[in-house]
Each structure stands twice: as C-alpha cells, then as structure tokens.
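Please put together the full structure from these sequences, using the hints given.
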Amino acid sequence: GAVVSQHPSWVICKSGTSVKIECRSLDFQATTMFWYRQFPKQSLMLMATSNEGSKATYEQGVEKDKFLINHASLTLSTLTVTSAHPEDSSFYICSAGMTNYGYTFGSGTRLTVV
Amino acid sequence: GESVGLHLPTLSVQEGDNSIINCAYSNSASDYFIWYKQESGKGPQFIIDIRSNMDKRQGQRVTVLLNKTVKHLSLQIAATQPGDSAVYFCAETYTGGFKTIFGAGTRLFVKA
Chain C
1 GAVVSQHPSW VICKSGTSVK IECRSLDFQA TTMFWYRQFP KQSLMLMATS NEGSKATYEQ
61 GVEKDKFLIN HASLTLSTLT VTSAHPEDSS FYICSAGMTN YGYTFGSGTR LTVV
Chain G
1 GESVGLHLPT LSVQEGDNSI INCAYSNSAS DYFIWYKQES GKGPQFIIDI RSNMDKRQGQ
61 RVTVLLNKTV KHLSLQIAAT QPGDSAVYFC AETYTGGFKT IFGAGTRLFV KA
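The listed protein sequences correspond, in order, to chains C and G.
When the letters of the first sequence are read in order and numbered with our numbering, they come out as residues 1 to 114.
When the letters of the second sequence are read in order and numbered with our numbering, they come out as residues 1 to 112.
Below, in silico cross-link-like pairs of lysine to any residue (SDA-like), each with a Cα-Cα straight-line distance of 25 Å or less: (1) 99/G - 91/C; (2) 41/C - 13/G; (3) 41/C - 12/G; (4) 41/C - 85/G; (5) 41/C - 9/G; (6) 41/C - 83/G; (7) 41/C - 18/G; (8) 42/G - 74/C; (9) 42/G - 114/C; (10) 20/C - 40/G; (11) 41/C - 8/G; (12) 42/G - 28/C; (13) 99/G - 2/C; (14) 99/G - 76/C; (15) 68/G - 45/C; (16) 56/G - 84/G; (17) 99/G - 63/C; (18) 42/G - 29/C; (19) 42/G - 8/C; (20) 42/G - 59/C; (21) 99/G - 68/C; (22) 41/C - 47/G; (23) 41/C - 82/G; (24) 41/C - 112/G; (25) 42/G - 19/C; (26) 20/C - 45/G; (27) 42/G - 113/C.
Partial selection, computed: residues in chain G whose CB lies under 10 Å from chain C: (28) 34; (29) 38; (30) 41; (31) 45; (32) 46; (33) 87; (34) 93; (35) 101; (36) 103; (37) 107.
Hints in this document: simulated from the structure, not taken from any laboratory.
Just so you know, these numbers come straight off a predicted model, no measurement behind them.
Backbone N, C-alpha and C fix where the C-beta goes; we use that ideal spot for every residue, glycine too.
Have a look at this one:
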C-alpha cells in the first residue's frame, strides 16, 4: 500500500529559528501533497496544497512567507516554518494521494518552539 | 484553513457494544467521503470510504452510512474493542477540486 514518510517526528527549536519538515511518498509518485496543522484536541486544518513543480496553494489566513512549501520532485515536499514563534507550536501532518482514491497521511511532526 | 468545528466531542462505550459516530459535512458538492482514525501522536489512518452514489458501505466491523439530503455521515463500529479507542474524523472532498476537508472529530473511549 501507499506509504508516506514524514521527518522529523518531533523537533524543538528556539524562537526565531526556522524548521524544515519533510514529507516523502515512498512507493508512489505524488504530484499533489497536502499540509495540515493540528492543535491539541482539535481537527486537522488544511494549510496548503503542495504542487510538484509549481507554487503551493495556501488556504485563507495561512501566511505563505512564514510557511514555505517546496515540492521539487514527485516524491518529496518540504514545509519550512520560518522565524518560528511559540504560537507556531503544533502537530504538522502531510498527506499524499489522489482525489477519489483516498489519501495516505504521514506520521506527523510535533513542533515545539521555546 | 478550513475545518468544521473546533473541539472534540466524546463517545464512551462498553467493550463489545456497537459504536455510532456521526458527522455533518459542509459542502453539498462533495462526492467522496472518508472516515479516518487517529491515535495519539500519529497521523490519520484510513478506515473506510464511500462515494456519493452510494448510501451505505460495509467493511470489516465497520459500516459507513451517507445521507446526502441532510449532509450527514455516520460510522458504525461493531463489537467495539479497546484498540478502537482513538479520535475519528470524517473527511469530504469533491471531484472538482483536490482539497480534503476534515470534520470536527469524535473521541471514542472504549471501557473494558
């Protein structure tokens, strides 16, 4: 079955630094990947749609300059949280797949900004 | 970002009983629906899906019902087990776009 690998699983960083999260599709090619953020006891909120070879599409209210997305190949998308602050602490999850065939999710990355 | 609801309701059931988890979806144009299970600290795991041309689909111990008239989905889990304890999300998507929108989620507690 489709496998999506996300790395790192957790990261702690200092306020003001940047953090990069990787999402890889291991056994299939993903022209589209999605990035979600999840706060404790809440649902997943779509942040952006990552498109291979083109710019990401951001949801309303998500700062594209703060959450940089790069989808340079058919198997890798990265999310970089720039100048991270404590309010950016959250669980970040990526997914890949095809509309009408379901999506596979990564295992998530717990970001803590101190 | 888009999401339906913010805080998780909770359902508590006795081991061996059947569980019914409900979800209201938002977009009448959505034509594909998925139920996911999420355990603590992990990403969502696919459980079962249903297309809008169906109103019922059965899997192993799980059944999904779709009522398009009132934009309602339900997930039925038969003979609920302690390993079923998790948060369950419904998700909707539509052929005209790529986005999957998640519902609020329900936390299921299974009492032994």
